[in-house]
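**Student:** Same order as they appear, the protein sequences are chains A and B. Quick note on numbering: the first sequence equals residues 0 to 411 in numbering that gives the first Met the number 0. Quick note on numbering: the second sequence equals residues 0 to 411 in numbering that gives the first Met the number 0.
Hints may be right or wrong, so weigh each one.
Pairs involving identical chains hold if they fit within one copy or between any two copies, as the list cannot separate such chains.
What the hints assert, rightly or not - When the alpha-carbon atoms are kept at most 27 Å apart in a straight line, the in silico DSS-like pairs for lysine-lysine are as follows: (1) 327 x 132; (2) 283 x 272; (3) 272 x 294; (4) 283 x 385; (5) 401 x 272; (6) 313 x 139; (7) 294 x 118; (8) 385 x 272; (9) 294 x 132; (10) 139 x 340; (11) 118 x 233; (12) 283 x 39.
In short, the hints are calculated from the structure, not lab data. Bear in mind the structure is a predicted one, so any value in this text is a computation, not a measurement.
Protein chains: 2
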Amino acid sequence: MKRNVLIIGAGGVAQVVAHKCAQNNDVLGDLHIASRTVAKCQAILDSVHEKGAMKQPGVFKAHALDAMDSAAVAQLIRDTGARIVINVGSPFVNMTVLQACIDTGAAYMDTAIHEDPAKICETPPWYGNYEWKRREACEKAGVTAILGIGFDPGVVNAYARLAADDYMDTVTSIDIVDINAGSHGRWFSTNFDPEINFREFTGTVYSWQNGAWQTNTMFEVGREWDLPVVGKQKAYMTGHDEVHSLAANYPDADVRFWMGFGDHYINVFTVLKNLGLLSEQPVKTAEGLEVIPLKVVKAVLPDPSSLAPDYVGKTCIGDLVKGIKDGKEVEVFIYNVADHKDAYNEVGSQGISYTAGVPPVAAAMLIANGTWDIGTMVNVEELDPKPFLTLLDQIGLPTRVKDAAGDRPWNA
Amino acid sequence: MKRNVLIIGAGGVAQVVAHKCAQNNDVLGDLHIASRTVAKCQAILDSVHEKGAMKQPGVFKAHALDAMDSAAVAQLIRDTGARIVINVGSPFVNMTVLQACIDTGAAYMDTAIHEDPAKICETPPWYGNYEWKRREACEKAGVTAILGIGFDPGVVNAYARLAADDYMDTVTSIDIVDINAGSHGRWFSTNFDPEINFREFTGTVYSWQNGAWQTNTMFEVGREWDLPVVGKQKAYMTGHDEVHSLAANYPDADVRFWMGFGDHYINVFTVLKNLGLLSEQPVKTAEGLEVIPLKVVKAVLPDPSSLAPDYVGKTCIGDLVKGIKDGKEVEVFIYNVADHKDAYNEVGSQGISYTAGVPPVAAAMLIANGTWDIGTMVNVEELDPKPFLTLLDQIGLPTRVKDAAGDRPWNA
Chain A
0 MKRNVLIIGA GGVAQVVAHK CAQNNDVLGD LHIASRTVAK CQAILDSVHE
50 KGAMKQPGVF KAHALDAMDS AAVAQLIRDT GARIVINVGS PFVNMTVLQA
100 CIDTGAAYMD TAIHEDPAKI CETPPWYGNY EWKRREACEK AGVTAILGIG
150 FDPGVVNAYA RLAADDYMDT VTSIDIVDIN AGSHGRWFST NFDPEINFRE
200 FTGTVYSWQN GAWQTNTMFE VGREWDLPVV GKQKAYMTGH DEVHSLAANY
250 PDADVRFWMG FGDHYINVFT VLKNLGLLSE QPVKTAEGLE VIPLKVVKAV
300 LPDPSSLAPD YVGKTCIGDL VKGIKDGKEV EVFIYNVADH KDAYNEVGSQ
350 GISYTAGVPP VAAAMLIANG TWDIGTMVNV EELDPKPFLT LLDQIGLPTR
400 VKDAAGDRPW NA
Chain B
0 MKRNVLIIGA GGVAQVVAHK CAQNNDVLGD LHIASRTVAK CQAILDSVHE
50 KGAMKQPGVF KAHALDAMDS AAVAQLIRDT GARIVINVGS PFVNMTVLQA
100 CIDTGAAYMD TAIHEDPAKI CETPPWYGNY EWKRREACEK AGVTAILGIG
150 FDPGVVNAYA RLAADDYMDT VTSIDIVDIN AGSHGRWFST NFDPEINFRE
200 FTGTVYSWQN GAWQTNTMFE VGREWDLPVV GKQKAYMTGH DEVHSLAANY
250 PDADVRFWMG FGDHYINVFT VLKNLGLLSE QPVKTAEGLE VIPLKVVKAV
300 LPDPSSLAPD YVGKTCIGDL VKGIKDGKEV EVFIYNVADH KDAYNEVGSQ
350 GISYTAGVPP VAAAMLIANG TWDIGTMVNV EELDPKPFLT LLDQIGLPTR
400 VKDAAGDRPW NA
């Protein structure tokens, strides 16, 4: 049984991971959190203690760490005795943290694909550029590495697997829809790190359709969805991590990702993008200062973690999966609805961070009890979804299904 | 008779000034141009020679100069024997250049008010914060200093004076309207230095109405104008230099400035402003780099001088002046229409630069022939407008009037 967890990162998602680990420290053992700025880790620990989140008395320590330095990460893993690493730092550190896990035998998890700061939107499948190249090394070292185990990617991959296993014989399409119908009350803000948020949308939109990669531009393809609780919402086909693994695991199905955007977001994004302010390539000011425009945009925008206290409304994220069952066309929508205010009251973060931060803790618990400790690298749809969804029901992210038979809890 | 001209600056307006000085070097004598980057001066000289703009063989030399260094400016004035300095550099250098003129006895001109880089939109009247404090020093030294002698401020001040002198007994209102109905074909660009352009619109909108300073916010007050040639255009009340001198010279009149903006400009401006990207105050990136957002916006936008080859359409800038004549209400619109393509063909710059760059050359010629060599500091409405407008008719900026008697050349 693996125990002792090291959380890497100190943003809004890390805050949720920390609270949820604390709430389950009877299963997870000693807890550690590390980031470049130790004061941010300490602030998270303070919030954990304020809420009395620790289920039982135990260790929860903050550490300063440069996660780009793989040897330093490995040393911290050894020093803390961590057997599970939850990497919710910047997506630029995935490979150095993964290597440290391979070197020390600790289990690895992340919630977003690795990115090279200087490149946007690489060749599909994205996982093939970095993570999957280390699959054999994980296998050889017997290291469990679960890629992309936030909500999307993560829970939505498990939803696809559940649909394929239980609702149909053949899957013909998987449409993942992510709607945030909440309101933060600011003139404009991204819901997580603006740099990462905008990077998602400045590149090519890859989808897997008719057995091949298809390309579109951002906001080129939009449609209105009518979803439980949040109602009618416009969403746009967007490039997203999970398309790149689901396409490999369900190559005969069309796989698309749709994200909801209001006209205001699209307008701000369009202005910034067309002016060149979302570029990850440096420009030089008239005074000769070299600066990356996207980092300046990030600097002027609200810190996403500051939104939580005022955030109201709900998110709805789910998979519309279509297929053939007993020769007939069937479809099912498997989804979760989360509430921003509830999230804030429980863990001090808004709903977007909450949906991303709870799943890796459920996964850590499944690794700790052996259920998911598979000793190799996987994407989430390669794991049995049922123990995961069962646990998520219990710790804050209940799953529902809606199909011809009605709208109900998934395991009703 | 003062001769020999030193041009300070090497942007789009400086290019026009250089060409126009060359075209009139029989009156103006030796010509010199100086800026921080001597290569930009050299490029302007190359364009002057390509067009064969020099009226007669003569001196035209480029110099490197830090115009923030008043002693260096004075030294260059002495070295070149310049007796007229046309300052079309950044508005941050007005005071150092003016001081150099006072120290050397050279005549001084600029086209925009002095600005402190760290301050936006100071207390009205703006001229009172810097320029007018040196009026006595100019008087004592017998130095001719003509403030704000571009088009607006500049020609529009002369239009106001002409209206007051010839068209009415009492002036009740002066509305200056600046419409650029041209198109540069880019997704977005400012027509001159973006930093200066945006700084104009991020502060309080000051107007002089009912004998007092009134304040509004940008884009708060808009109205549609129906103007000669360019037709119906929406313009917004804007803070602008000339309001601050005209209000002092015509305190019983209402003085307002209106600038035309399309919805697209307003949208881009609003997004950038609301996000904080137009701020002149530094922010710190996550990596710890201190950077002024406005300077990054400037760095990503097109260089305004690059717009000239593709610019088509016309500008219309004029004064609607209302007053009382023989006990009756009268009004006159005194204006100029300029064409972007014509400007480019003649001097290699677009129309906005052309309208700003021709007037100081006319003023230099009037100083050289003694007409305007008044040996003290003035705003343009304090000078006899007729020789100025007569000369402008001849060198590219003809003036027309429209009133109850019709639409005709001003001196028809």
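**Student:** Check each numbered hint against the structure and report the violated ones by number, ascending.
**Tutor:** Numbers 1, 4, 5, 6, 8, 9, 10 and 11 - these are the hints that the structure violates, sorted from lowest upward.
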